[in-house]
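For chain U, the structure is supplied; the task is to place chain Z on it using the hints.
Going down the list, the protein sequences come from chains U and Z.
Last residue of the first sequence: number 581 in the working numbering, and the count goes up by one each step with no gaps.
Last residue of the second sequence: number 812 in the working numbering, and the count goes up by one each step with no gaps.
It is worth saying that the hints were derived from the structure and are not from the lab.
Bear in mind that the values here come from a model prediction, so they are computed numbers and not experimental data.
Accuracy of the hints is not assured; some may be wrong.
Here are the simulated DSSO-like cross-link-like pairs (lysine-lysine), alpha carbons at most 27 Å apart as the crow flies [as the list claims (entries may be wrong)]: (1) Z/K766 with Z/K685; (2) U/K429 with U/K265; (3) Z/K766 with Z/K703; (4) Z/K591 with Z/K635; (5) Z/K766 with U/K474; (6) U/K564 with Z/K635; (7) U/K8 with Z/K613; (8) U/K478 with Z/K803; (9) U/K478 with U/K564; (10) Z/K703 with Z/K751; (11) U/K458 with U/K468; (12) Z/K635 with U/K570; (13) U/K570 with Z/K591; (14) Z/K803 with Z/K715; (15) Z/K627 with U/K570; (16) U/K478 with Z/K591; (17) Z/K766 with U/K477; (18) U/K477 with Z/K803; (19) Z/K766 with U/K458; (20) U/K304 with U/K458; (21) Z/K715 with Z/K703; (22) U/K570 with Z/K614.
So you can see what is in the structure, the chains are spelled out below.
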Amino acid sequence: MTRFSDLKIWRYPSQWILFRLDDRLLLIIIGALVGTCSGLAAVAMYQGLIAMFAWMHHYQGYWWSFLLPGIGAALAAIFLEKILKEGAGHGVPEVVYSVSRYGGLMRLRSGFSRLISGCLTIGTGGSAGPEAPVVMSGAAIGSNIAQYFSLNDRQRVAIVGCGSAGALAAIFNAPIAGLVFTIEVIVGEWSAVNIVPIAIASVAGAEVCRLLQGNQIAFTSLAFQVDLVDTLACVGLAVFTAAASILLTRTLRYSNTVSHRLAHKISLPFWVRPLLGGCAVGLIGLCLPEVLGEGYHFIQDMVKGVFSQGLLIVFVLMLAKIAATSLTLGWGGSGGIFAPCLVIGSFTGLVYHRFIDLLGPGVGWVDEGCFALLGMAGLISGILQAPLTGIFLIVEVTGGYGVILPLIVVSAVSATLTHAFEPASFYLKELVEKGHYLRPRTDERVLADLTVRELVEKDCIVVYKNMKLGEFVKIVKKSHRNFFPVEDEHTGNFVGMIHLDDIREYLFDPLLYETVFLEQIMNTHVETVDLDDDLTDVLERMDSRNLFSLPVVANKRFIGMISKATLLDKYRSELMVQSYY
Amino acid sequence: MQLQLDEFAKCLDIPSNTVERWIRQGRIPVRKKGNTCEFSQPMIEKWAEANHLKFMLPEAQTDSEAAAPAELMDDLPSVMRRGGVFYDIEGDTIEAVLWSAVEKVPFFDTPEQKAQLYENLKAREEMMSTGIGKGVAIPHPRTPMTGSGNPSFITTCFLKSPINYGAIDKKPVFVLFLLVSATAKLHLHLLAQLSYCLRDEAFLEFLSRKPDPAALFENITKRAEAIESSG
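Just chain U, with the same shape it has in the complex (with noise of 0.2 Å):
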């Protein structure tokens, strides 16, 4: 057997002795592996969704050419539930929720579900991006390589980053706007430790888009003129692209629980959800085909000024891009929320500088490629709550440093404003609602991996239900603590609890000794705690009833009583352990 395990010990890199001191060298050098692979996945997805679009090419412009995007989003709602039965999902919060609960364990059919199925959806013109898609297989990628290599949870934490950097640098050649979103939204610390291996993951991945695809910047811009009167102008984009991003959130929300409701009052076979749902994006793509697939191009044109509809046109674009992202996703399409944010902020963007100019036609504002600019990150920022993603990647995907004021300006007031309206952001809202949302350090985080079984104390001493007063007051000499638990003594079940504050006006009545037991003084409505009880639940139940201390009982077994005195004890150590690193 350990020969067998020493031939493997290309398996075990943590027990190298060039890592066994300091596993930051190997983080970055795993980190770098990770982001090459997830560059190529993030490179095949584009590929395949070019070769789609391609194909698709020949099929428009048919009456029955709205069904496309419904056949897409059901293909894929099938492929995901029937062949590799994943559920649906955006990927992303996917990804936040195993980083949160299972320290970033993912499933290797993970790395490729979503790239088959957001191709299936976008590609027939379903209006979502890929970039959810290539993020969730980039991190499932770096999950099941530091799988592989037995790496713990800290570090596969950080290489699920790596993936999901390496994806999103490469399918947006962006790396600086890769390291930052996984930092902002997947990982949520800053801490060296993680940012050194995303970073060179970021790199990885940027490079392999670039040497397979060259080195091209998506949305080339022209060099703005920004002055001061644009930049103060940005502070009412920016309450534009929050009421957009709040717009956005909410109907995306209300057209998932109305799908679902109606799915289930009429139990509908679950494909007929995306289906639907797609037939209808089909349908306002026959007379408004910008709204349909992933709509890069549209964004190009109008980053270049060239985009020539007038504002209502523009506006009822963007509510209609609005409504078929809500379309797809909320009913049961696979995609990501990044390319239709873009969309719809450039949309939000123009509409504004026509607005704006309509105002005050005398001032020269900037060109209305610069707006639509700072609407993509207006929008992105709001949508994600996450700013400095908004303002990295805009700067990467256009080119254009030249706006970063007025670029930081939006980013964080739309995202400012949308947090007062949607205190979580759309990927993590259902997270938080189920409380799967743990951040590092905080409260949340410790409390989940505290557990009932590590705080349990059995010092206690149990008493037995037929037991007389006398012999229980010899008990209390030798017990430190107030709490006995009693248990029958045929069953060994737990019967109830004996709290010396209850009795105490009985303990010095010799008269009481022979003649009373304790069945007939132990409190048996006692609040109990089971071995697998959510801590957080306990301290709620402590909390409500005013307790310091609850007996721990599972199987009917008394195992031993939860205080908040230890809790305490133990959370501050547990905090000290969690930030050494």
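Same frame as chain U, now just chain Z:
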């Protein structure tokens, strides 16, 4: 170096399931192979210090545990043996008897210390007599004489002639148990055990015969064992 998981957890004084989770989560510089923990001692000590934990190897722990029983035994028979038994203590008044008893005490060697003990005993008697009745008194300092460097002891003094000690039952006192304890907790414990013995008429009758030290200690040991077993 290598240790089993539960041994290692004991070194840190942390539940082993917590340690196991920390290793899995990568929060502690330890590698686990099966149930064996592999770590470098300086690293783990540094880690423990940074996290306000203590890391003590099992050998070091047993050393400190072994050192504890070597300290003075503080059960009733040992404390009485330490104090010694004296007969024919002279004096007609409480003060005179107390002074004679203090002179016999095998601790508090210098005259100043003896005087201090005497003053302290007298202060307690002035508050209220320590004569607990049936011819027995348990003089003890008003405040525990901690910090004097002396161990706890009970010196048994049989008086030459019974004197009026101001006891509750007004009976003349024939024996003193001079009790000096190192801590307040021990004081209460010794007092409780001694008074438990003195509640027994047979023991009082045994005392009135002024037994020799060996017989007295044998009797006390037996009674102390009975108290222990009854709880």
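Taking each numbered hint in turn, which are not upheld by the structure, reported in ascending numerical order? When the structure is compared with the hints, only number 20 turns out to be violated.
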